[in-house]
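Asker: Sequence:
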Amino acid sequence: MTLPREQRVAAIRAAIESALAPLSLEIEDESHRHAGHAGAADGRGHFRVDVVSDAFSGLGPIARHRAIYAALGELMLTDIHALSIRARTPSEAR
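Each residue of the sequence shown is one higher than the last, beginning at 1 in this note's numbering.
By construction, these hints were calculated from the structure, which means they are not laboratory data. Here the structure is a predicted model, which is why all the values come from computation and not from measurement. Please note that the accuracy of each hint is not assured.
[Unchecked claim] Simulated restraints on C-beta separations:
hint: 1; residue 1: G60; residue 2: T2; range: 17 to 23 Å
hint: 2; residue 1: G60; residue 2: L3; range: 28 to 34 Å
hint: 3; residue 1: G60; residue 2: A10; range: 15 to 21 Å
hint: 4; residue 1: R86; residue 2: H32; range: 17 to 23 Å
hint: 5; residue 1: G60; residue 2: H32; range: 30 to 36 Å
hint: 6; residue 1: E92; residue 2: M1; range: 18 to 24 Å
hint: 7; residue 1: G58; residue 2: D29; range: 27 to 33 Å
hint: 8; residue 1: A14; residue 2: P90; range: 19 to 25 Å
hint: 9; residue 1: S57; residue 2: R33; range: 28 to 34 Å
hint: 10; residue 1: G58; residue 2: L25; range: 19 to 25 Å
In this text, a Cβ means the ideal position worked out from N, Cα and C, and glycines have one as well.
Work out the full structure, taking the sequences as your base and the hints as a guide.
Answerer: In structure tokens:
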């Protein structure tokens with residue numbers, strides 16, 4: 001079931017915080033930039049996340065993205081149409 005738009009960022013934040021214990025997490029709802037886009041027709045949103053977490057240590061870029069997708073789980077099917085990801089370790093964020 002799809003969440004109301006105003007609850008999506010909070011749900012994304014809770015899912016990522018629970019799974020990855022980020023030291024830093026920024027989330028931006030970019031859905032307004034995609035109004036009228038065919039992919040937005042189903043009501044799901046476009047988001048950008050910037051995650052800094054020790055959980056990414058030793059992981060390559062694809063594994064980091066997979067970790068974020070896994071954390072988001074069902075939200076990827078119900079509420080998120082597109083997700084732009086920046087995933088870094090604390091040492092990479094300095």
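Asker: May I ask which of the numbered hints given earlier this structure violates, with the numbers listed in increasing order?
Answerer: 1, 3 and 6
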